[in-house]
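Start from the sequences and build out the full structure, keeping to the hints where you can.
Residues 1 to 374 in the UniProt record's numbering are what the sequence shown lists, from first letter to last.
The hints are simulated quantities; they were obtained by calculation from the structure and are not laboratory data. It is possible that some hints are incorrect.
Said to hold, decoys possible - No more than 25 Å apart at the CA atoms, straight line, and that leaves these computed lysine to any residue pairs for SDA-like:
id: 1; residue 1: K159; residue 2: C290
id: 2; residue 1: K201; residue 2: L109
id: 3; residue 1: K241; residue 2: V172
id: 4; residue 1: K256; residue 2: A118
id: 5; residue 1: K241; residue 2: E117
id: 6; residue 1: K281; residue 2: D357
id: 7; residue 1: K123; residue 2: D139
id: 8; residue 1: K281; residue 2: E313
id: 9; residue 1: K201; residue 2: K232
id: 10; residue 1: K123; residue 2: T147
To be verified - Just the calculated beta-carbon pair ranges, DEER-fashion:
id: 11; residue 1: D114; residue 2: P205; range: 41 to 47 Å
id: 12; residue 1: K200; residue 2: V86; range: 37 to 43 Å
id: 13; residue 1: D216; residue 2: E152; range: 30 to 36 Å
id: 14; residue 1: V231; residue 2: R156; range: 28 to 34 Å
id: 15; residue 1: V231; residue 2: M62; range: 45 to 51 Å
id: 16; residue 1: N186; residue 2: T46; range: 37 to 43 Å
id: 17; residue 1: A250; residue 2: N155; range: 39 to 45 Å
id: 18; residue 1: L228; residue 2: W251; range: 29 to 35 Å
In this text, all values refer to a predicted model and were calculated from it rather than measured experimentally. In this text, a Cβ means the ideal position worked out from N, Cα and C, and glycines have one as well.
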Amino acid sequence: MRVHAKRAGVLLGGLMTPALSMADWTLNMSPGVTGTSNEIFSLHMTILWICVVIGIVVFGVMFWSIFAHRKSPGRKPANFHENTLVEILWTIIPLVILVVMAIPATATLVDMYDTSEADVDIKVTGYQWRWKYDYIEDDFGYFSNITTSDDEIYNRTEKTENYLLEVDNPMVVPVGAKIRLLVTANDVIHSWWVPAFGVKKDAIPGFVNETWTRVDEPGIYRGQCTELCGVKHGFMPVVVKAVPQDEYDAWVAEQKEAAQRERELTEKDWTLEELMARGEKAYASACAACHQADGSGAPPAFPALKGSTVVTEDMQAHMDIVVNGVSGTAMQAFGGQLSEVDLAAVITYERNAWGNDTGEMVTPKEVFEYKNQE
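What follows is the structure, encoded as structure tokens:
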């Protein structure tokens, strides 16, 4: 009752002080930071003013007709029909208006779909519920996960400025370069959207959609998934960081070195403690959204892992589920999403966390060998 009363008080206060509660609202689109977004904004304003003029003319004629030809006591109303000139005009004028509107709209659409001569190619893949960015020419990629805490989500702490719009690994792009985005999905339909870029493209499993952008100003730009893709749809933000070319080149070099080190870790001799520490992070990133941080799950769609025989008995079967998923269920195949190191760490963590305590561990070498046997 207290919660409902508090919400009602906030709503009432907003209704009584609309100027304050709606201070950040705007009635128009905002110009973006790319040439495409500014073209879209200019097109929007052009069409808007054309519509305003049309509205003024149409309503002006309508109100004049109502007044001038009204039926009043002692007054004979006008009686006319089949005016050929009027019929020709109201056919030709709308046609001319549509042509005038179509010319800039077509030019903008042609520009939006021209993905040729790109400087950087990035494959964007939607997963439930995160994004993966693969830098094709540089042979590295990574996942981008929401970092908003559960305390903020469940109102245990104050919400930050970028609530539900913060990630651990943003997409990084160089300023002034043409970025071609190859957008697809791994499971269900998603949609990659950054308002400041004027870019919104559906991510569809089995299809690759193309779009592009060129960011003119350094900064951090935010968006969201705009396709209803499951229970965590609202927790799938897009964050893009635009940096100068030299800073981007240094970042790419770091990422390539990190990817090489990651590949080398497969050959390392890991201890149970090391795998548990890494597995906790990998589980929080890839698994906790469904199976919960404490392993309790959300049955029946997402079964509990805490105390489950699936993760405490047959290790080979457990590995098969994590690597290949379970057909016909919400359990995804993580063999192509996580590295051998993270797969081994997650499996080891699940077999020893939350009181499962099997004392067993899976090494990256074992995962690598298992994947190559299939």
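Broken hints, by number: Structure breaks hints 11, 14.
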